[in-house]
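Number of protein chains: 2
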Amino acid sequence: MSSAALAPSWERIERPLVQIAADIDRLFDQVLPVPDDPSALLLEAMRYAAIGGGKRLRPLLATASADLFGVPRSMSLRAGLAVECVHVHSLIHDDLPCMDDDDLRRGKPTVHVAFDEATAVLAGDSLLALAFEILCHPDTHPKAEVRSELTKDLARAAGAHGMAGGQMLDLLPMQQPVDLESIARLQRLKTGAIIGWAVEAGAILGAATTEDRTSLRGYAQNLGLAFQIADDLLDCTGDPEKAGKRLRKDSEHGKETFVTLLGEKRARVQAEMLVEQAIEHLRPFERASAIFEALARFAIARDH
Amino acid sequence: MSSAALAPSWERIERPLVQIAADIDRLFDQVLPVPDDPSALLLEAMRYAAIGGGKRLRPLLATASADLFGVPRSMSLRAGLAVECVHVHSLIHDDLPCMDDDDLRRGKPTVHVAFDEATAVLAGDSLLALAFEILCHPDTHPKAEVRSELTKDLARAAGAHGMAGGQMLDLLPMQQPVDLESIARLQRLKTGAIIGWAVEAGAILGAATTEDRTSLRGYAQNLGLAFQIADDLLDCTGDPEKAGKRLRKDSEHGKETFVTLLGEKRARVQAEMLVEQAIEHLRPFERASAIFEALARFAIARDH
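In order, the protein sequences belong to chains V and B. Per our numbering, the first sequence starts with residue 1, numbered consecutively. Per our numbering, the second sequence starts with residue 305, numbered consecutively.
Derived from the structure by calculation, the hints contain no laboratory data. Note that the Cβ used here is the ideal one computed from N, Cα and C, for glycine as well. Errors might be hidden in some of the hints.
Each computed EDC-like pair below joins lysine to aspartate or glutamate, with the alpha-carbon atoms no more than 16 Å apart [as the list claims (entries may be wrong)]: (1) V/K143 x B/D327; (2) V/K249 x V/D103; (3) V/K108 x V/E241; (4) V/K249 x V/E145; (5) B/K447 x V/E145.
Reference listing, derived: stretches of chain V covered by chain B, where coverage requires no fewer than 3 residues with Cβ under 8 Å from a Cβ of chain B [unchecked claim]: (6) 236-250; (7) 258-266.
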């Protein structure tokens, strides 16, 4: 995407992105105090992975969605923190030698390189558990019914019928999906389930109507796919230094992606179309959803 | 422990152990259906690890504790299932080559041997997430407040300030604890936190008084330590074939344990003393706690 087309979205989204990054860093700092004993190493590894990196798109989705329903920011930030715990957990485990075997993430050595593999396994596990501890704390919402629903849905989205199931599909070389539908299914699990939760979290916190939740779910589904196509494009055309991680992994592994199947140009058109469809789902929310619209456009302009 | 001393406890505990094993297997079968698609492999790995093995002591603790307060078995079994999910998750990850590197567990090849390492990582992750999905389902308890409390406490017990923190301490060769107090602290985190949750879960489900919860916590603390000493004794004197896992690991790694520090005989005496103390905490519950008493005696008679 050209920088001219990017400019207006970037202006609208820059401040929220800077703000959410600062908020999430501050909250991680609070929930991950380093004890004065030998187990400090585990907390240090968790902090290393969690603080000071990433675009925090999932927390931004959670807070933006909560804002539509007037939810206090102190609550929606906790939902954002929980979903980022799950995301960072998945990155740490995904980077392990037995998984994607990556040594660079968010511009610095991955956790198993900076610490060791065992610490990386435990730091990932601990962040996953922390997500649910955060959600079930009364500070997240005074109504236990809301906390319980958020937790059940996030646990489902993280597990075998969501993210972990998608990671499993992604690891099966012999059964690699070769058509668009299979790839879309894989991505709906691997990244879509968690993005979907982030968007719906605001609706759950704000006791939204079924109609509003359906609209937001439609937005999240289109955004998730657009986001994945942008990621595939980044992998095949991006600058590794800017991205802060290893690229060209798909082609190295001879993996079929949206880009190999559609070609670069059609993949870009497809991503833009999905963003327009995502934005279409926001009609019921009118002006309040400007940040959501900007975020969708920003998500596919990821040559930064 | 001699088989004569074991006999009376065994009679009282045999039926509940057989029953809980059947119940937990049945519930795992229900919550882990294998889908008809490539991601089936992940569910198969989870089933492989979860079904048909283990003594199910943690679920038995949860249901026994719930029975004290008249909680329907359908609810307490779900709490038992959740804690067993966390336990199996920890076994799968603990057995990984980068952790304890074990190839035998519950009498069969470990998950990363029977499948592969990546599948073992994801199966462990998915079981951890599943624990919280189970707890937050309305079938676990009609009151969301109860579900939320169970979840928050289990997440804390599983994470960096509980089990994972203890595993971390256990992996630090240079800072290996060398006195009884350090070893006790490690074990309170590594196994004690989850055992403590299992025992308290029944009290939470049954809206127990603070006094009753305190009594149960005391029981769990003593039981957890006794259990660990029994495990150390098993490692150094047990029969690997009967145990269904590799033994003599502590001595191979030159690791200090209750047994190396106290000697075998004093360690046995210590375990028996802890069991008596554990049982002492059960006084308020009178006859209803017979199973708890038998379970404590059974826990240290683990040459089976």
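request  = Would you check the hint for V/K249 and V/D103, treating anything up to 16 Å between C-alpha atoms as holding?
outcome  = Given that 16 Å is the threshold and the Cα spacing comes to 12 Å, the pair holds.
message = Tell me whether the statement that chain B covers the segment 236-250 of chain V is true, taking a Cβ distance below 8 Å and needing three residues at minimum.
response = Contact hint for the segment 236-250 of chain V vs chain B: violated, 0 residues under 8 Å.
inquiry  = Please verify the coverage claim for the segment 258-266 of chain V: does it have three or more residues whose C-beta sits within 8 Å of some C-beta in chain B?
reply    = violated (count 0)
task = Decide if the proposed pair is consistent with the structure: V/K108 and V/E241, CA atoms, cutoff 16 Å inclusive.
result = holds, 11 Å
task = Verify the proposed pairing of B/K447 with V/E145, using a straight-line Cα cut of 16 Å.
result = holds, 8 Å
key: Hinted pair V/K143 and B/D327, Cα distance within 16 Å   = Given that 16 Å is the threshold and the Cα spacing comes to 32 Å, the pair is violated.
message = Check whether the Cα positions of V/K249 and V/E145 lie no farther apart than 16 Å.
response = Not OK: V/K249 and V/E145 at ~43 Å, beyond 16 Å, violated.
Hints 1, 4, 6 and 7 from the list above are not met by this structure, while the remaining hints are.
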